[in-house]
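Colleague: Here is how the chains run, residue by residue.
There are 2 protein chains.
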Amino acid sequence: MDFKVDREEPVFSISTAAKLLGISIPTLRMYEKEGLILPFKKESHQRLYSEADLERIRCIREAINQKKISINGIKAIYSLIPCWEVVHCSEEDRKICGAFNGDEEPCWTYNHPNTVCENIECRDCIVYKNYSKCGTIKDLLKNITGKEI
Amino acid sequence: MDFKVDREEPVFSISTAAKLLGISIPTLRMYEKEGLILPFKKESHQRLYSEADLERIRCIREAINQKKISINGIKAIYSLIPCWEVVHCSEEDRKICGAFNGDEEPCWTYNHPNTVCENIECRDCIVYKNYSKCGTIKDLLKNITGKEI
DNA sequence: AATAGTTGATAGTCACAATTATCAATTATC
DNA sequence: GATAATTGATAATTGTGACTATCAACTATT
Numbered sequence: 001m002d003f004k005v006d007r008e009e010p011v012f013s014i015s016t017a018a019k020l021l022g023i024s025i026p027t028l029r030m031y032e033k034e035g036l037i038l039p040f041k042k043e044s045h046q047r048l049y050s051e052a053d054l055e056r057i058r059c060i061r062e063a064i065n066q067k068k069i070s071i072n073g074i075k076a077i078y079s080l081i082p083c084w085e086v087v088h089c090s091e092e093d094r095k096i097c098g099a100f101n102g103d104e105e106p107c108w109t110y111n112h113p114n115t116v117c118e119n120i121e122c123r124d125c126i127v128y129k130n131y132s133k134c135g136t137i138k139d140l141l142k143n144i145t146g147k148e149i
Numbered sequence: 001m002d003f004k005v006d007r008e009e010p011v012f013s014i015s016t017a018a019k020l021l022g023i024s025i026p027t028l029r030m031y032e033k034e035g036l037i038l039p040f041k042k043e044s045h046q047r048l049y050s051e052a053d054l055e056r057i058r059c060i061r062e063a064i065n066q067k068k069i070s071i072n073g074i075k076a077i078y079s080l081i082p083c084w085e086v087v088h089c090s091e092e093d094r095k096i097c098g099a100f101n102g103d104e105e106p107c108w109t110y111n112h113p114n115t116v117c118e119n120i121e122c123r124d125c126i127v128y129k130n131y132s133k134c135g136t137i138k139d140l141l142k143n144i145t146g147k148e149i
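Protein sequences appear in the order of chains A and B.
Mapping to my numbering: the first sequence position 29 is 29, numbers consecutive.
Mapping to my numbering: the second sequence position 2 is 2, numbers consecutive.
Since the hints were derived computationally from the structure, they do not count as laboratory data.
Fair warning: this is a prediction, and the values are worked out from it, not measured in the lab.
There could be a bad hint or two in this list.
Intra- or inter-copy, both count: the list cannot distinguish identical chains.
Stated by the list, open to error - Heads up, simulated DSSO-like pairs for lysine-lysine below, C-alpha to C-alpha not over 30 Å straight-line:
(1) Lys67 to Lys42
(2) Lys95 to Lys19
(3) Lys67 to Lys95
(4) Lys68 to Lys95
(5) Lys129 to Lys67
(6) Lys142 to Lys19
All chains should be modelled from the sequences, with the hints used to inform the complete structure.
Modeller: Take a look at the structure:
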């Protein structure tokens with residue numbers, strides 16, 4: 001039993017998650033509809049949230065309520081994550097990928113037919129998991145650009 | 001007389017700029033106070049706006065009013081511009097640079113003592129001029145990351 | 001089979017971000 | 001030297017984004 005696995009294990013129902021976060025259930029659904037979060041879903045369409053999901057949502061809430069960044073602002077920021085670099089997609093992939101070519105929605109809100117992301121569950125993708133916490137996006141950019149020196 | 005120079009020539013007074021943009025004067029001052037724009041200033045502290053400034057402001061307004069990105073959201077997006085890569089600042093510069101280490105304010109809102117940016121007028125800097133129009137930030141990231149392939 | 005929790009969706013509330021109005025003091029213009 | 005425009009600052013306005021309440025239909029649990 002790895003700790004990281006536990007942190008990513010979807011165990012909390014939506015009511016529990018809402019209680020732990022101190023917010024309402026419709027708010028959680030709204031964040032999802034906006035493409036900010038991708039909770040795990042059972043076959044019955046019921047949502048389950050992991051500890052990592054909760055932390056992610058806390059970061060989102062901090063951005064909204066403390067930093068006063070609007071939801072569309074957060075989406076635009078997420079859309080700047082250089083996913084193409086992280087998943088190493090090809091030139092042809094980039095040509096047809098809505099995520100690569102757009103700048104308003106996070107990559108994980110797109111379908112990715114005929115690309116390297118085609119069969120990847122975005123919830124399990126490094127792009128979604130690693131670079132969506134508060135402040136890690138700029139760190140990612142630093143790492144990527146730093147390689148050239 | 002180069003066309004680009006004309007476009008960057010500060011010629012419009014604040015009242016003319018406001019009229020051309022269809023907004024009020026206090027709004028223009030507010031954008032400046034928030035660090036979104038850096039109009040030219042005469043010795044008498046009077047502002048002058050260029051054609052390029054107007055275009056920039058139109059992009060900002062589109063982000064705010066159409067894309068529904070809050071001002072703080074735009075600031076956070078600007079803060080992700082990899083200025084360190086554009087101006088080629090040193091490792092030591094990066095250690096002490098507020099712009100490099102923050103993620104809430106655009107680099108041009110900082111002082112840059114003891115760095116390569118120290119004596120550069122931010123209004124004339126490529127980072128401010130080139131990568132602040134609608135949609136060019138992601139293009140910049142693509143160019144930078146693309147170099148490695 | 002009955003209770004509790006979930007689903008998506010619509011409608012309502014409310015705080016506050018974005019904008020404007022207005023001010024006295026300063027500066028430009030003629 | 002008088003008029004018009006600017007300065008920074010504060011107060012007032014307003015549109016709406018973030019959030020919640022509530023709904024009937026469905027699913028899980030006992």
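Colleague: Decide, hint by hint, whether the structure agrees.
Modeller: Hint by hint, here is what the structure shows:
Taking CA atoms no more than 30 Å apart as the test, Lys67 paired with Lys42 passes in neither setting, with 34 Å inside one copy and 33 Å between copies. For the homomeric pair Lys95 and Lys19, neither the shortest alpha-carbon distance inside one copy (43 Å) nor that between copies (41 Å) is at most 30 Å. When the C-alpha separation of Lys67 and Lys95 is checked against a cutoff of 30 Å, the pair qualifies only between copies, where the shortest distance is 24 Å, while the shortest distance within a copy is 34 Å. Proximity of Lys68 to Lys95 under the C-alpha cut-off of 30 Å is restricted to the inter-copy arrangement: shortest distance 27 Å between copies versus 34 Å within a copy.
Within a single copy, Lys129 and Lys67 get their C-alpha atoms as close as 22 Å, and across copies as close as 26 Å, so both meet the 30 Å cut-off. Taking the shortest Cα distances, Lys142 and Lys19 never come within 30 Å of each other, neither inside one copy (36 Å) nor across copies (41 Å).
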